Each structure stands twice: as C-alpha cells, then as structure tokens.
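First to last, the protein sequences are chains A and B.
Taken in order, the first sequence gives residues 1 to 273; the numbers are from the numbering used here.
Taken in order, the second sequence gives residues 1 to 134; the numbers are from the numbering used here.
The set of hints was computed from the structure by calculation and includes no laboratory data.
Since this is a predicted model, take the numbers as computed values, not measurements.
One should not assume that every hint holds.
Far from chain A, by Cβ distances over 12 angstroms, these chain B residues were calculated [what the hints assert, rightly or not]:
id	residue
1	E11
2	I23
3	A42
4	G48
5	L59
6	R60
7	P62
8	Q68
9	E71
10	S80
11	K81
12	P83
13	L87
14	A89
15	V110
16	E120
DEER-style ranges, computed between Cβ atoms [unchecked claim]:
id	chain 1	residue 1	chain 2	residue 2	range
17	A	S238	B	D26	12 to 22 angstroms
18	A	G220	B	R22	10 to 20 angstroms
19	A	V139	B	S121	17 to 27 angstroms
20	B	P83	A	L64	23 to 33 angstroms
Glycine included, C-beta positions come from ideal geometry on N, C-alpha and C.
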Amino acid sequence: MTGGAPPSTGELEDQGRDPASGTAASPSALRAACALLFADEALSAVRHDALNRLTAIGAIGYELRRLSPQEDQAAELHRQRLGDLNRQIGLMTETVSRRLTVLRQGPGVTTTLAPAVGGAVAACARPEAVGVGPVMDAVVRGSTLDLSLLLLLLLDNAVEALGPGGEASGPGLASVSLRCALAPGGKVQIEVSDAGPGLAAEAQDRAFERFFTTKPGHAGLGLAVGRTLAARFGGQLSLDSGRAGGGSSPGARAVLSLPTAGEPEGPGEEEGA
Amino acid sequence: MTMGPRLLVVEDDRDVRETLVRILGDAGYEVHGAADGHEAMAELRRSGARLPALLLLDLRMPRMDGRQLYEELARDRALSKIPIIVLSADGRPDAQAQLSGAVAVIAKPVRLEKLLSLVESVVGAGTVPPPPPR
C-alpha cells in the first residue's frame with residue numbers, strides 16, 4: 001500500500017487473495033473489504049452533502065456581490081468579507097474533496113464471473129442456503145473483489161430476508177438463488193432472489209437511499225454501496241420487491257445488469273502508485 | 001416581460017435547487033425545479049409544457065437518480081435532444097464518466113459565474129444581463 005494514501009480496491013484484492021484458489025479473496029478478506037466499503041460510502045455521503053452546503057454558501061456569496069453597497073468604505077468592507085467567505089469555501093472544499101476518502105479507484109481491470117460468484121457464496125452468512133445456477137464464461141470490466149463484494153451484499157440481504165431461522169417463507173420454496181444469463185445489448189444479468197416476504201412498496205422506493213433501513217441496527221448503506229459498485233462496472237442494480245410490493249414472485253429479486261468486456265486482464269495490475 | 005430560454009434544474013438538495021432556480025431566474029431564464037428523476041419526467045411530460053432548452057442535472061438523488069434519468073431521456077426521441085449539464089458532488093471518475101453525452105460536468109461546489117457563463121454558451125443569454133464582474 002502506498003504510504004499515507006488511501007488503498008485502492010486493487011491493492012485490497014492483492015492483499016486478500018486466497019492462496020488456495022489464487023484468484024478470489026478469502027471470506028475474511030472479503031468481509032474486511034466490505035467494512036471498508038461501507039465506511040467509504042458513508043464518507044461519500046458526508047462529502048456529497050458538504051459539497052451541496054458549500055454550493056449553497058457560494059451562491060449566497062454570489063448574490064451578496066450583486067447587492068454590494070455603493071459607499072466606498074462599506075463597499076470595501078463588503079468586498080473583504082466576501083473574500084473571507086470565498087477563502088473559507090476554498091478551504092472547506094479542499095478538506096471535503098481530498099481528505100474524505102477511504103478507498104480510491106484502481107485502474108481498469110476485467111474479471112470473469114465464476115471466481116466472484118464463488119467467493120461471494122463462500123463468504124455469505126449461509127452458503128448452504130444459496131443455490132447457484134450455471135455461470136457462463138463472461139468477462140466484465142471491473143475487479144473480482146468489487147464483483148465479489150457486490151454479490152456478497154445481495155446474498156446477505158437475501159439470506160436476511162428469509163427470517164430468523166434462515167428458512168424459506170413457504171414450503172417447497174428454494175431459499176436463495178443466484179442465476180446468471182446473457183442479456184441483449186452485450187450484457188450479462190445476475191439475479192439474486194429470495195423466498196422471503198418481499199419489500200413493501202414504500203421500502204422498495206427508498207431501498208437505495210443511503211441510511212434508509214427497515215432493519216433495526218443496520219446502517220442502511222448496503223444497497224447504496226451495491227449501486228455504487230454496479231456503477232463501477234458501468235452497470236445497473238435494480239430491485240423487484242416481490243409479492244409485498246405487487247410483484248408476481250414471492251420474495252425480493254435483485255437484478256444486476258453489467259456490460260460485458262473483452263478477454264480478462266491480469267487482476268491487480270497497477271500502472272503506478 | 002418576455003422570459004428567456006426555459007431551464008429545468010433537477011436537484012434533490014432543496015437549498016441548492018432553490019438557489020439555482022432563483023439565481024438563474026434573476027438572470028432572465030424561465031426556470032423550473034425538480035427534486036428527483038421522477039419529478040423531472042413528470043415535468044417534461046406535462047401536457048402543454050414546452051420542453052426546456054437545457055437540463056441541469058444532479059447525479060445522486062433518491063428514487064430515480066441522475067444516471068437513471070439520463071437513460072430514460074435517451075429512450076425518448078424528443079427528450080434525448082435536450083442538452084444536459086451535470087452538477088456533480090461526486091469526484092469519483094466512474095461517476096463523471098457515466099454521462100459521457102453531457103455538454104459539461106461541473107463539480108460542486110458550483111461557481112455561479114462559471115455556471116451562468118456555461119448556460120449562456122449553450123442556450124443564449126437570459127432576458128436580464130448579468131452584472132459586470134467586480
């Protein structure tokens with residue numbers, strides 16, 4: 001890791017590489033990276049809100065400049081105070097933009113699906129409850145670690161939806177399933193569905209909102225992090241709430257749609273620190 | 001008074017949205033605000049409303065965010081022609097690269113002089129000239 005600089009996700013991946021498989025991060029490394037990702041998302045929310053406040057303050061300064069008094073002495077004082085305001089905005093911007101970062105983006109790499117799926121299932125709360133369909137030999141633009149983390153978040157959500165005993169909400173229903181399929185437009189679609197009660201319509205509407213949660217004790221960042229990760233792949237993450245929200249299948253279904261890339265590149269290679 | 005070109009500000013932060021609507025309105029543009037992508041689509045599809053000449057679009061919003069709205073607009077022949085300026089509070093390269101068809105990406109905190117200059121370059125001046133620089 002570069003001294004003093006935030007780690008990149010590629011560096012985390014290299015550190016957490018499972019010596020047995022040689023490709024996927026171990027479950028403990030995946031959990032540790034997940035914690036960092038949550039911290040990064042929380043700080044990203046702080047940074048986003050702070051930059052909005054600075055925008056509003058800067059706009060007030062702009063309007064004050066337009067309303068500056070005409071008398072020389074008052075005008076000079078007015079100008080000085082506006083200068084002070086601008087300087088404070090600059091300092092705060094520097095702090096917010098450069099120092100509120102836990103993880104930095106590594107350079108572009110690609111990954112196949114299988115190691116990420118395997119790593120996520122192995123690390124999830126109840127691997128035995130997850131049924132995985134065939135995983136095609138598709139390549140997506142992003143790191144194995146990021147894809148593992150994304151799938152782990154979705155699997156953990158699905159397992160939690162099953163309830164305290166982790167059982168399906170109805171007899172004869174599969175608990176959690178992960179299915180991959182090729183989709184039109186050069187995309188691959190990964191669906192994680194559960195046999196839980198689904199989400200109420202209001203919860204589905206706000207599911208990706210940072211700090212929104214229906215589960216006591218949860219930070220409410222999981223799906224926000226998932227959406228951030230999906231965006232790193234140039235993809236999208238959506239949620240079907242299941243019967244509770246008017247859908248046809250019983251439980252919730254998360255759908256990850258990712259554009260495919262060319263041949264996989266070496267994982268964790270960096271062009272510079 | 002004849003209003004200038006029509007603008008739509010799509011921004012979930014109320015203070016930022018109302019400030020931009022006010023300042024751009026003072027500059028002579030006809031400005032409407034929307035708090036997220038859903039409100040923006042409702043405004044754009046409102047019958048009888050003329051389409052805006054420019055969209056100012058925040059990326060991170062609840063419900064339908066900036067990227068989802070962008071993709072929704074791209075699916076409509078008329079709406080896809082509206083130029084977009086992205087207002088980004090997210091410095092991550094992946095966030096800014098997502099909307100490669102945008103006219104410009106302005107990082108927050110937004111400098112109003114820069115924004116007004118950019119808006120004028122895209123849609124022309126409002127009906128009220130801005131004050132001279134101090």
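Results of checking the hints against the structure:
1. Its closest Cβ contact with chain A, about 8 angstroms, brings B/E11 to no more than 12 angstroms, contrary to its assignment away from the interface.
2. Its closest Cβ contact with chain A, about 6 angstroms, brings B/I23 to no more than 12 angstroms, contrary to its assignment away from the interface.
3. In this structure B/A42 is separated from chain A by more than 12 angstroms, as the shortest Cβ-Cβ distance comes to about 15 angstroms.
4. The claim that B/G48 lies off the interface holds: its Cβ sits roughly 28 angstroms from the closest Cβ of chain A, which is beyond the 12 angstroms cut-off.
5. Non-interface call for B/L59 relative to chain A: violated, since the shortest CB-CB distance, roughly 9 angstroms, does not exceed 12 angstroms.
6. Distance check for B/R60 against chain A: the nearest CB is about 6 angstroms away, which does not clear 12 angstroms, and the non-interface claim fails.
7. In this structure B/P62 is not separated from chain A by more than 12 angstroms, as the shortest Cβ-Cβ distance comes to only about 5 angstroms.
8. Separation of B/Q68 from chain A is inadequate, the least Cβ-Cβ distance of about 8 angstroms not exceeding the 12 angstroms criterion.
9. Look at B/E71: its CB is around 8 angstroms from the nearest CB on chain A, not clear of 12 angstroms, so calling it non-interface is violated.
10. Non-interface call for B/S80 relative to chain A: holds, since the shortest CB-CB distance, roughly 17 angstroms, exceeds 12 angstroms.
11. The beta carbon of B/K81 is kept farther than 12 angstroms from every beta carbon of chain A, the shortest such distance being approximately 22 angstroms.
12. For B/P83, the requirement that its beta carbon stay farther than 12 angstroms from each beta carbon of chain A is met, with the minimum near 21 angstroms.
13. At the 12 angstroms boundary, the C-beta of B/L87 falls inside the reach of chain A, the nearest C-beta of that chain being 8 angstroms off.
14. At roughly 4 angstroms, the least C-beta separation between B/A89 and chain A is not larger than 12 angstroms, which violates its mark as non-interface.
15. Its beta-carbon lying about 5 angstroms from the closest one in chain A, B/V110 breaks the requirement of being farther than 12 angstroms from that chain.
16. With 12 angstroms as the threshold on Cβ separation, the claim that B/E120 sits away from chain A holds: the shortest Cβ distance comes to roughly 15 angstroms.
17. For A/S238 and B/D26, the Cβ-Cβ distance of about 40 angstroms falls outside the hinted range of 12 to 22 angstroms, so the restraint is violated.
18. A beta carbon spacing of about 33 angstroms between A/G220 and B/R22 contradicts the range 10 to 20 angstroms that was offered as a hint.
19. Checked against the given bound of 17 to 27 angstroms, the beta carbons of A/V139 and B/S121, roughly 41 angstroms apart, lie outside it.
20. As the Cβ distance of B/P83 to A/L64 is approximately 30 angstroms, the hint placing it in 23 to 33 angstroms holds.
Figure legend: structure checked against the earlier numbered hints; hints not met, in rising order: 1, 2, 5, 6, 7, 8, 9, 13, 14, 15, 17, 18, 19.
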